[in-house]
Amino acid sequence: MVMRSPLPRVSRRGRVTIVVLAVVLLVFMFADRIVNLWTDWLWFGEVGYTSVFAGMLRTRLLLFLIFGLVMAGIVFGNLYLAYRTRPLLRANSLEQHALDRYRVLLTPRIKLWTGLIAGVVGLFAGLAAQGHWQQWLLFANGGKFGVTDPQFKVDVGFYVFDYPFWRYLLDFGFAATTLAIIGSLAMHYLYGGVRLQGAGDRMTTAARVHLTTLIAVFVLLKAAAYVLDRRALLLDFNEGTDLWGAGYTDINALLPAKEILGYISVLVAVAIIVFSNMRGRNLVWAGASLALLGIAAVAIGGVYPAAVQYFTVKPNIRDKEAPYIKRTIDGTLAAYGLDKVKTQAYAANTLTPPPSLTTDTTIVPNIRLLDPAVVSDAFTQAQQIRPFYDFNEQLDIDRYTIGGKTQDYVVGVREINYSKLTGQQTNWQNQHTVFTHGYGFVAAPANKTVCNGLPFFVSGGFLGEQTTATGETTGSGCASPNEVISAQQPRVYYGELATDYVVVGKPDGATGDSEFDRPAGESEQHYTYQGKGGIDVGSFGRRLLYALHYREGNFILSDVFNDNSKLLYIRDPRERVKKVAPFLRLDGDPYPAVIGGKIVWILDGYTTSSTYPYAQRTDLAESTTDALTGTGGVAAQAKENINYIRNSVKATVDAYDGTVTLYNFDESDPVLKAWNKAFGSDLIKPKSAIPAELAAHFRYPEDLFKVQRDLLSRFHVKDPKEFNTGADFWAVPDDPARHGSTTAAGKQPPYYLLTQFPGEEATTFQLTAALTPARRQNLAALMTGRYVNGEPQLEVLELPRENRIPGPGQAQQNMANDPNTRTSLNQLQGTGSQSQLVYGNLLSLPYGGGMLYVQPVYLKSNVSNSFPLLKKVLVSYGDKLGYADTLDQALAQLVKGDTTAPTTPTTPTTPTTPTTPTTPPTTPTAPATPPSGNLAEATAKMNTAIQKLKAAQQSGNFEEYGKALSELDAAIKEFEAAQAAAGGGTPTR
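When the letters of the sequence shown are read in order and numbered with full-length UniProt numbering, they come out as residues 1 to 989.
In short, the hints are calculated from the structure, not lab data. Warning: the hint list may mix true and false statements.
Here are the in silico distance ranges between beta carbons for each label pair [claimed, not checked]: (1) V16 / G553: 52 to 62 Å; (2) A636 / K405: 30 to 40 Å; (3) N789 / K405: 18 to 28 Å; (4) N430 / V16: 44 to 54 Å; (5) V104 / G143: 52 to 62 Å; (6) K896 / D242: 34 to 44 Å.
We put the CB at the ideal spot given by N, CA and C, even for glycine.
Please model the entire structure based on the sequences and the hints provided.
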């Protein structure tokens with residue numbers, strides 16, 4: 001009989017105090033979680049996706065409870081069983097006397113102590129289990145792919161939907177059994193069922209039966225693992241071929257070995273139970289059985305496959321692995337949507353520029369000269385209006401049809417950059433209630449520049465003269481107040497620079513607007529948000545909730561709040577969609593478009609998996625990283641190993657009210673079907689619901705294209721024996737736009753073009769990339785992605801293996817390092833640190849049986865707040881080069897065969913890149929000694945233009961500055977013509 005030592009009694013007041021303190025402690029421990037759950041519920045209610053939040057919360061809570069209770073029950077049951085089967089009489093030994101103190105502490109409250117231990121273990125198990133909610137939802141809602149694996153003839157859906165959760169269940173079983181064994185062994189030892197000292201058996205019969213049964217269960221789980229491992233071989237890495245998927249050794253040695261080990265594990269489990277509890281009552285047979293399993297695992301599962309690999313496969317790897325390489329090729333092409341790539345041979349044997357280059361009306365007029373990664377500063381300076389307005393570091397490319405003509409545009413939205421607020425602008429009220437939104441969608445034709453290298457703005461302009469739809473300018477040509485691409489609601493409350501929350505809304509009957517809207521001449525216009533977005537924060541309770549959420553006392557103390565106040569937060573489009581659809585991977589480059597008179601952000605959503613059989617696995621972050629990844633506007637993907645991807649969802653975010661809409665873009669994707677089933681069919685709208693105007697702005701997604709490009713560089717080789725040699729593999733070249741950079745170039749980013757490739761029937765908007773042979777620099781292929789009748793289409797133009805066409809890197813080096821061109825560029829750049837050359841994206845264009853390369857060159861002053869101006873265009877075709885102010889002039893040089901690049905005159909000097917009107921740049925100077933005749937007249941005009949330019953700089957009038965700059969440019973050209981007529985040659989600027 002066990003004597004219970006009574007615990008000291010606690011008074012009623014003491015018990016109440018303990019309860020109150022416990023509640024307060026729990027509140028402090030879980031207050032943040034409660035507040036976050038509450039605010040998340042409100043946020044999902046605002047965007048209309050409460051079903052997603054409720055579904056996630058319900059699933060995670062159920063997994064937490066089920067797996068937590070199961071784990072706690074297993075641990076508690078085994079601990080209590082070990083206690084109940086303890087020996088009534090324990091051996092008299094020093095060991096048992098040393099354990100008496102612990103038994104005295106635990107025994108009076110054994111259920112409480114075992115319950116606490118089991119509860120803690122169950123808590124951690126539940127927390128771990130709730131993190132697998134996505135695996136469970138796919139397991140419960142997944143279907144079939146309609147494709148079977150080549151080895152077991154099992155539908156791929158088993159591997160994608162079922163296998164991950166079965167693997168987790170096995171891991172859970174191993175963890176539970178291991179904890180039960182450890183806990184039971186400790187309890188038996190504590191109460192004498194297992195002992196290390198004294199005469200007689202070291203283990204009681206009850207302890208032996210209990211522990212050997214648990215060990216047998218563990219071995220049976222190992223048998224189940226061997227069965228599951230047979231399927232997992234199709235997902236493993238084959239070191240012999242550097243490919244994913246079972247190879248010769250796996251199928252012919254490891255696969256039967258795992259089957260044999262599964263049977264041996266069952267026999268060992270039976271042997272452990274039977275022989276350990278026979279009359280001999282010892283563990284010799286059980287130990288021998290476990291030893292046999294270990295030896296079998298090493299010999300059958302390790303030594304034998306290694307011998308097959310070394311003696312059979314390695315000497316004949318090309319023939320032995322060929323069928324399995326073929327499986328990986330086919331599986332990879334299917335898993336990444338590469339099985340329908342159109343491949344077309346392109347001889348590229350024309351090295352002489354065709355005369356049609358100067359008269360072409362299909363491809364040449366659409367050649368894009370503006371690089372969206374370069375001209376952001378020009379957008380900012382010309383369209384900024386106020387210092388806190390900004391454009392993303394990298395702009396976007398889209399296409400619009402104006403006047404019946406479709407062309408591509410560099411586009412961006414004017415947002416408030418909160419990091420540029422200064423002084424009083426940074427106080428809480430200004431930052432969160434006054435500077436709430438950006439204003440305007442700004443676009444410039446990608447194939448034109450005017451106003452001394454500035455983009456030609458046809459949308460969203462506040463300054464400058466009018467611009468017609470045909471691209472003619474009536475004034476400075478730098479901007480247009482009459483928008484050609486018109487957004488009826490130009491305000492941008494949700495954007496890529498909207499990193500903080502804002503509070504909007506004014507009291508009923510109030511007449512004044514508090515939000516800064518836009519400048520209007522010398523004054524400012526204000527506005528009050530009228531959209532449906534935002535969460536009501538008019539009540540004290542809501543304000544208190546968000547004061548706790550943001551740890552901001554102004555939610556309670558500030559008098560800006562009223563009954564109509566709304567809180568707008570999570571305003572970045574990518575973060576907004578990511579929260580609504582956490583099961584999607586989102587493209588790193590959202591882009592804005594004007595749809596139905598409204599500015600909307602368009603995003604591409606991907607469904608992924610890492611368990612598609614016989615598909616090459618790739619790191620999503622590594623394969624999508626290039627020279628521009630991580631810069632403003634292009635987010636880097638998280639590190640994640642995948643071997644299946646589909647662009648299944650097109651998402652939009654309204655820039656004004658934040659409305660998130662998800663559209664099903666790939667209705668054949670089984671993974672998206674599973675998510676639709678899990679969260680309800682109304683989560684994602686059907687493809688038929690996509691408005692035609694929106695569909696017209698869909699682009700082939702960049703990150704998907706990068707993944708496919710990376711894989712296609714190897715898997716375009718269909719013959720397994722040729723694949724094994726790797727002789728015809730391709731590579732992604734380094735970015736030629738980083739010429740002269742001191743940092744690593746990185747992969748060349750793909751680029752959007754409005755063009756027509758050989759074999760195509762019409763001009764299309766497509767994403768293009770060049771590929772070179774592995775470890776060589778000549779051109780191997782061009783890869784392009786586009787939409788044909790709303791469906792994605794990948795096409796590869798494959799050049800002959802041995803060709804004289806240079807790759808992007810070679811072409812850029814040839815153009816930039818030509819002696820005459822280099823001299824002219826150095827003169828253009830000037831001496832010292834006055835300015836720097838910025839190379840734009842190099843475009844590879846198949847034309848006339850050859851390859852045309854085009855690269856813009858910008859000049860950027862090193863003066864603060866300067867921006868790059870497009871100054872020159874480099875072109876090459878075969879071994880011919882062109883270098884001129886405009887594309888037409890450069891192409892004319894190619895056709896004429898004049899490879900001598902003209903030099904840039906040093907007198908008169910070219911104007912330094914202008915900065916903002918408030919910070920005048922260095923102005924040009926006229927020649928010190930004015931010549932006579934026409935030269936004198938031209939010089940006088942230059943002096944007049946320079947004086948106007950200085951006056952515009954001093955007054956800060958950007959409009960007059962643009963006019964003066966245009967007049968100066970015309971005067972310089974007149975001076976050059978007069979100089980040539982006087983016998984001084986014809987310099988080209």
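Do the hints match the structure? See the list:
1. V16 / G553: 52 to 62 Å: Because 32 Å falls outside the window, the suggested range is violated.
2. A636 / K405: 30 to 40 Å: holds (37 Å)
3. N789 / K405: 18 to 28 Å: holds (21 Å)
4. N430 / V16: 44 to 54 Å: holds (49 Å)
5. V104 / G143: 52 to 62 Å: Cβ of V104 to Cβ of G143: about 59 Å, so the range 52 to 62 Å holds.
6. K896 / D242: 34 to 44 Å: 50 Å Cβ-Cβ, so the 34 to 44 Å window is violated.
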